[in-house]
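Enquirer: Take the sequences, apply the hints, and build the full model.
Number of protein chains: 2
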Amino acid sequence: MKKLSIVDIANHLNVSKTTISFILNGRAQEKRIGKDLVERVQKFVDEVGYKPNSLAKSLRTGKSNIIGLMVEDISNPFFASIARLIEDRAYKNGYKIIYCSTDNDTQKTRELISMFRDRHVDGYIIAPPEGIEDDISSLIKDGMPVVLFDRHLPKVNTDFVEIDNLFSTYNATMHLVQQGYKNIAYITFASNQTQMQARLQGYKNALDENGLKPFIQEIVFSQDEELIMAPLSAFLKKHKNLDAVFFGTNHVGTCGLKVINSLGLTVPNDLALVSFDDYDVFKLFSPPVSAIAQPIEAIADSVITVLLNKLNTSSQHISSQSIILKTDFNIRGSSKKAEKAVAK
Amino acid sequence: MKKLSIVDIANHLNVSKTTISFILNGRAQEKRIGKDLVERVQKFVDEVGYKPNSLAKSLRTGKSNIIGLMVEDISNPFFASIARLIEDRAYKNGYKIIYCSTDNDTQKTRELISMFRDRHVDGYIIAPPEGIEDDISSLIKDGMPVVLFDRHLPKVNTDFVEIDNLFSTYNATMHLVQQGYKNIAYITFASNQTQMQARLQGYKNALDENGLKPFIQEIVFSQDEELIMAPLSAFLKKHKNLDAVFFGTNHVGTCGLKVINSLGLTVPNDLALVSFDDYDVFKLFSPPVSAIAQPIEAIADSVITVLLNKLNTSSQHISSQSIILKTDFNIRGSSKKAEKAVAK
Numbered sequence: 000m001k002k003l004s005i006v007d008i009a010n011h012l013n014v015s016k017t018t019i020s021f022i023l024n025g026r027a028q029e030k031r032i033g034k035d036l037v038e039r040v041q042k043f044v045d046e047v048g049y050k051p052n053s054l055a056k057s058l059r060t061g062k063s064n065i066i067g068l069m070v071e072d073i074s075n076p077f078f079a080s081i082a083r084l085i086e087d088r089a090y091k092n093g094y095k096i097i098y099c100s101t102d103n104d105t106q107k108t109r110e111l112i113s114m115f116r117d118r119h120v121d122g123y124i125i126a127p128p129e130g131i132e133d134d135i136s137s138l139i140k141d142g143m144p145v146v147l148f149d150r151h152l153p154k155v156n157t158d159f160v161e162i163d164n165l166f167s168t169y170n171a172t173m174h175l176v177q178q179g180y181k182n183i184a185y186i187t188f189a190s191n192q193t194q195m196q197a198r199l200q201g202y203k204n205a206l207d208e209n210g211l212k213p214f215i216q217e218i219v220f221s222q223d224e225e226l227i228m229a230p231l232s233a234f235l236k237k238h239k240n241l242d243a244v245f246f247g248t249n250h251v252g253t254c255g256l257k258v259i260n261s262l263g264l265t266v267p268n269d270l271a272l273v274s275f276d277d278y279d280v281f282k283l284f285s286p287p288v289s290a291i292a293q294p295i296e297a298i299a300d301s302v303i304t305v306l307l308n309k310l311n312t313s314s315q316h317i318s319s320q321s322i323i324l325k326t327d328f329n330i331r332g333s334s335k336k337a338e339k340a341v342a343k
Numbered sequence: 000m001k002k003l004s005i006v007d008i009a010n011h012l013n014v015s016k017t018t019i020s021f022i023l024n025g026r027a028q029e030k031r032i033g034k035d036l037v038e039r040v041q042k043f044v045d046e047v048g049y050k051p052n053s054l055a056k057s058l059r060t061g062k063s064n065i066i067g068l069m070v071e072d073i074s075n076p077f078f079a080s081i082a083r084l085i086e087d088r089a090y091k092n093g094y095k096i097i098y099c100s101t102d103n104d105t106q107k108t109r110e111l112i113s114m115f116r117d118r119h120v121d122g123y124i125i126a127p128p129e130g131i132e133d134d135i136s137s138l139i140k141d142g143m144p145v146v147l148f149d150r151h152l153p154k155v156n157t158d159f160v161e162i163d164n165l166f167s168t169y170n171a172t173m174h175l176v177q178q179g180y181k182n183i184a185y186i187t188f189a190s191n192q193t194q195m196q197a198r199l200q201g202y203k204n205a206l207d208e209n210g211l212k213p214f215i216q217e218i219v220f221s222q223d224e225e226l227i228m229a230p231l232s233a234f235l236k237k238h239k240n241l242d243a244v245f246f247g248t249n250h251v252g253t254c255g256l257k258v259i260n261s262l263g264l265t266v267p268n269d270l271a272l273v274s275f276d277d278y279d280v281f282k283l284f285s286p287p288v289s290a291i292a293q294p295i296e297a298i299a300d301s302v303i304t305v306l307l308n309k310l311n312t313s314s315q316h317i318s319s320q321s322i323i324l325k326t327d328f329n330i331r332g333s334s335k336k337a338e339k340a341v342a343k
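Chains A and B, in that order, are what the protein sequence lines are. Sequential numbering from 0 applies to the first sequence in numbering that gives the first Met the number 0. Sequential numbering from 0 applies to the second sequence in numbering that gives the first Met the number 0.
Honestly, I wouldn't trust all of these hints.
Just so you know, same-sequence chains aren't split out, so a pair can sit in one copy or run between any two.
What the hints assert, rightly or not - Below, computed lysine-lysine pairings styled on DSSO-like, alpha-carbon distance capped at 30 Å:
no., residue 1, residue 2
1, K336, K257
2, K16, K140
3, K325, K212
4, K107, K42
5, K212, K239
Calculated from the structure, these hints are not laboratory results.
Expert: Structure (structure tokens):
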């Protein structure tokens, strides 16, 4: 269908385009335009599906109807799916999303925030790197709506959407213990971000509660997968006594599966597995990998709902919200009771 | 390090900020500012690492140093990895990327192009949906640098970066024939886009050359994976005589593996497999799936190189380039000679 212009509507209804414009812009009463005509225009517009020009609307309202979304790395399936869903929901609410990857690089994030400001975005959705506290506080101070997700910044008082990381890893570690595993390692990326610290803590708590010894390997993140797999492989070779491994992120998990295949280990008999994040790679592995599924749709919904609320309300009147969502733990073949463990 | 402002520099050197601004903006000679002072400012700036404000720079140069990137669906790993690499290379060249998903929706794409124009992006990188020819032609007519990738628009004369789709599927189908497979199906998304048509043609050409009968299933794309898996499953159940299946995209391939698992089929003995696009899911499946790997890094490099050339040259002086890159065919266990096939 061809997009209908104000001129088309004016011609069709035989009314001046200025009058149509006043009606569409909600100024009928102010301009003393009759209710009958307003209803006639509204009815026609509803029938043919006229959409107002975004630039004109932006000039009128002082809003760009654009939201800036900053993820850590768009090539990570977690961020890619979240971005996609947020974009979808925003679009249905009349907003466009422009996004970019921060790379967890503070300086790059700073530049991106300043780019978004220059481009007049209406609001910000950010998975923040460490060190960006001042920049985000300054956005908030200037009245810009900001919602953080995936992690938060303890020193910044703003809305955020997160999952219950600590309980998720605690619960999945308890499952491994209940299956009879005793030497359970936790492999993750080295990070001080809140979500990563909480996951590690959940694992430690469960081991502590069972009087078991932790085996922790923190790998420095790299774009080069080989540089993740090498220390991971060295760690597994060094700790021959391990009977289970918990991968702290989907990326670590995928690299872990490649290492396990290359070492010729059998899952779960040589090594039981659990991973954070649930993706096709884990579902299609043999045996399928037990995984903590983040509620991607609920995260996207919450983020966009909180932001739209902030955009549509004067910010002084709402205090900030912290939304903590539950995860699902999908138990599969990779964490079955091992034959060795059963024999004990 | 705190970002240094022009005021900081002016205070430190005890010079007016207007003078500093002229010097930093390359207008010292025009404003008859002494060489000694210019050197003193330059030396200080080099020491402390001042970076000019991007908006000021944009106003001075008429450039925003922002590139708009439009992919089909950012949650697809092909587009997510390409976007990531393009963003990386652009950033190293002083450009920021803002991106969004077109959803293959012509109307949405049109709105996004208009949003990018409003935000003054310097150039466009687009995986175009059908029906967007006029909008892209109008961008080009207005002198905007545009590079298409993944597919092209036959009616629009502009630069594009693609892979050799027809040869890729021809070659992989020939491999299946050489392994002894005779009833080879091709499952793909229904699409008139150039790359999808070329892939289908490559498969048909190989079968034709060998006097074999094609079995083609074109599935209507859906965000809901169940609506892809249901017709795929019905097709496999209907054609019991198939001995091999070629998946035309990574997304179809992933859904195909789920269906094959749910039907309890053994690969390659019940059904040999080949897929377009090479991802972790295929590498980690048992047996690993033979797959056509797109040269993701080379695509990203070519796209950004072509665009930067256009941005840095007066567009009248370069004719448009079509870059066609080669793929790799990674042969794995899923397309080994089946025992049945060997017996024939």
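Enquirer: 30 Å Cα cut-off: does K325 pair with K212 within a copy, between copies, both or neither?
Expert: within (27 Å within a copy, 51 Å between copies)
Enquirer: Treating 30 Å as the Cα threshold, decide for K212 and K239: within, between, both or neither.
Expert: within (15 Å within a copy, 53 Å between copies)
Enquirer: First find the shortest C-alpha distance between K336 and K257 inside one copy, then the shortest across copies, and answer within, between, both or neither for a cut-off of 30 Å.
Expert: both (22 Å within a copy, 25 Å between copies)
Enquirer: As a check of your reading, is K16 near K140 (CA-CA no more than 30 Å) within one copy, between copies, both or neither?
Expert: between (41 Å within a copy, 27 Å between copies)
Enquirer: Please work out whether the CA atoms of K107 and K42 approach to 30 Å or closer within one copy, between two copies, in both situations, or in neither?
Expert: For K107 and K42, only the inter-copy Cα distance (24 Å) is at most 30 Å; the intra-copy one is 49 Å.
Going through the hint list in order, the structure satisfies each hint without exception.
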